[in-house]
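Protein chains in written order, with this note's numbering: chain A, 1 to 138; chain Y, 1 to 386.
Please keep in mind that the hints were generated in silico from the structure rather than gathered at the bench. Take the hints with a grain of salt, since some may be wrong.
Unchecked claim - The list that follows gives simulated cross-link-like pairs (lysine-lysine, DSBU-like), each with its CA atoms no further than 30 Å apart:
hint: 1; chain 1: Y; residue 1: Lys185; chain 2: Y; residue 2: Lys4
hint: 2; chain 1: Y; residue 1: Lys121; chain 2: A; residue 2: Lys132
hint: 3; chain 1: Y; residue 1: Lys121; chain 2: Y; residue 2: Lys185
hint: 4; chain 1: A; residue 1: Lys7; chain 2: Y; residue 2: Lys121
hint: 5; chain 1: Y; residue 1: Lys274; chain 2: Y; residue 2: Lys301
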Amino acid sequence: MADTHGKPVPMPTRETLPFWEGCGRGELMIQRCGECGQFQFFPRLYCSRCMSERVAWVKASGGAEVTSFTIVRRPVSSAFAADAPYVVALVRLEEGPTMMTNIVGCPPERVAIGMAVEAVFERLTDEITLPKFRPRNG
Amino acid sequence: MRNKVAIVGAADTEVGVVPDLSATQLYVKAARLALADAGIGKDDVDGLITCVSWAEPYVYHAEIIAEYMRIFPRYCITAPAGGGTTLTMLHHAASAIATGMCETILITMADSQVSGLSRDKAIEAMSTAGHPQFERPYGPPIPAFYALIAQAHRHAYGTTDEQRAAVAVACRRHASMNPAAQMRKPIAIADVLNSRMISDPLHLLDCSLVSDGGAAIVMTSAERARDFPRRPVYLLGAGEGHSHEHLSQALSLTTSAAREAGARAYAMAGLGPKDIDVAELYDCFTPVVIIELEDLGFCPKGEGGRFVENGRIELGGELPVNTHGGLLSHCHPGHPGSMFAITEAVRQLRGECGPRQVPAARVALVHGQGGFMSSHGTAIFGNEMV
Ligand SMILES: [Zn+2]
Numbered sequence: 001m002a003d004t005h006g007k008p009v010p011m012p013t014r015e016t017l018p019f020w021e022g023c024g025r026g027e028l029m030i031q032r033c034g035e036c037g038q039f040q041f042f043p044r045l046y047c048s049r050c051m052s053e054r055v056a057w058v059k060a061s062g063g064a065e066v067t068s069f070t071i072v073r074r075p076v077s078s079a080f081a082a083d084a085p086y087v088v089a090l091v092r093l094e095e096g097p098t099m100m101t102n103i104v105g106c107p108p109e110r111v112a113i114g115m116a117v118e119a120v121f122e123r124l125t126d127e128i129t130l131p132k133f134r135p136r137n138g
Numbered sequence: 001m002r003n004k005v006a007i008v009g010a011a012d013t014e015v016g017v018v019p020d021l022s023a024t025q026l027y028v029k030a031a032r033l034a035l036a037d038a039g040i041g042k043d044d045v046d047g048l049i050t051c052v053s054w055a056e057p058y059v060y061h062a063e064i065i066a067e068y069m070r071i072f073p074r075y076c077i078t079a080p081a082g083g084g085t086t087l088t089m090l091h092h093a094a095s096a097i098a099t100g101m102c103e104t105i106l107i108t109m110a111d112s113q114v115s116g117l118s119r120d121k122a123i124e125a126m127s128t129a130g131h132p133q134f135e136r137p138y139g140p141p142i143p144a145f146y147a148l149i150a151q152a153h154r155h156a157y158g159t160t161d162e163q164r165a166a167v168a169v170a171c172r173r174h175a176s177m178n179p180a181a182q183m184r185k186p187i188a189i190a191d192v193l194n195s196r197m198i199s200d201p202l203h204l205l206d207c208s209l210v211s212d213g214g215a216a217i218v219m220t221s222a223e224r225a226r227d228f229p230r231r232p233v234y235l236l237g238a239g240e241g242h243s244h245e246h247l248s249q250a251l252s253l254t255t256s257a258a259r260e261a262g263a264r265a266y267a268m269a270g271l272g273p274k275d276i277d278v279a280e281l282y283d284c285f286t287p288v289v290i291i292e293l294e295d296l297g298f299c300p301k302g303e304g305g306r307f308v309e310n311g312r313i314e315l316g317g318e319l320p321v322n323t324h325g326g327l328l329s330h331c332h333p334g335h336p337g338s339m340f341a342i343t344e345a346v347r348q349l350r351g352e353c354g355p356r357q358v359p360a361a362r363v364a365l366v367h368g369q370g371g372f373m374s375s376h377g378t379a380i381f382g383n384e385m386v
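Let the sequences and hints guide you as you build the complete structure.
Now the structure itself:
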């Protein structure tokens, strides 16, 4: 297992495994309801809008928009000390759902609400790859 | 439930850094002080509510306190969290009294976040609130969640650093008039803006304290309340709103379920924002107060930043907020935080606050929130029935 320096490593469950398997392939997987068409994330057994159990995994485009962000100066734990300052953000996927993530690939001061971003995949351990986001126009 | 129950006893322990008392001892000391304030003995209590403690966690926490005090309640609950949950428990306690489940409820909440846990451990323990798979891997400390809320509010409504700082300045000014408060040296807006950046746009002084301390209240029916030595403080209205747990699942970052909690409490009381003489609002971080002022109807959505300017939420202003100093300057021992807002509301409505007394205060509103603007509870109290 790769050295994560004590960072929290996601433990996939039966419900979330397809998401983490997708990240391993470089694909951002979310759910879509077969009854009402709603896209949802986090993964759920039922559609959170109509309670249908006909939810299927689909590949999201990976495109998103920053809805809020913060530059973390005081890291949550010593495991993140080397990363500080780092950007924690909320991004709205093109399909609708919101995710928490890090914005990478640009100086923290360049991040702005409304910025167009795209998913990138960073290997955390042999088993887990984390989806992060970077500015869309390089 | 309007006019059906009253608070007849209220007390705080010493707060701040209290190395000579364990978390459990703080719960029991707060309880003993509140019982003395109510003029009753421990055996008069037939209902007990506590919250869990980080420093001394027990699964059956309320039973631990009952056992320690050697009391034998017929109603006994541990709240699993703090903030809004404290108001939820007050709501439960009121309905338990109103429905006859019990007559006299003691609510005692405390923790020892500095002396029993250490500041760093307290912060790290609370950060586990993020989703283990979809939030925590990105390293958000607690202030980052509230910074995301503050940034969204700034982006939507132009709320400024100076406006958020005004909340911290008001709380500190009130704390400077409260000998019990942990941080009493007055500060100016520049002090907030010049304090260390923690998580943009929140500076150190936008963040609440880490403390030891406990507070307790005694509640009974309004009818029985007349037989107690202190002037009863009646519960006029109570309401809750619950919208999400994880911030990344919130439908809005800038409008919270304080709107529903407040509307339900106002409806029960038959009162509105204009009737409130003093407000004790959950202030774990400065932007929270601004959003609460909007969602509780003290100003239109987006106007919270302008509302807190020019001393409007300070003593002598239009709506004095957090007259004890709040979580920002009085104390914040974690889960018990909202209890100090309730005991302050009681003291204000009894007219016991000396230099920080809101003149002729008749109606007080207390609001708590927990999680990340997730769980909201509002209570409206009066020193007369309405
Ligand atoms: Zn559906």
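Quick rundown of the hints versus the structure:
1. In summary, the hint linking lysine 185 (chain Y) to lysine 4 (chain Y) is not supported, as the alpha carbons are separated by about 41 Å, beyond the 30 Å threshold.
2. At roughly 28 Å between alpha-carbon atoms, lysine 121 (chain Y) and lysine 132 (chain A) fall within 30 Å of each other, so this suggested pair holds.
3. Of the supplied pair hints, the one linking lysine 121 (chain Y) and lysine 185 (chain Y) holds, its CA atoms being roughly 26 Å apart against a limit of 30 Å.
4. The hinted pair formed by lysine 7 (chain A) and lysine 121 (chain Y) meets the criterion: a straight-line CA distance of about 16 Å does not exceed 30 Å.
5. Annotation: proposed proximity of lysine 274 (chain Y) to lysine 301 (chain Y) holds, straight-line Cα distance about 16 Å (limit 30 Å).
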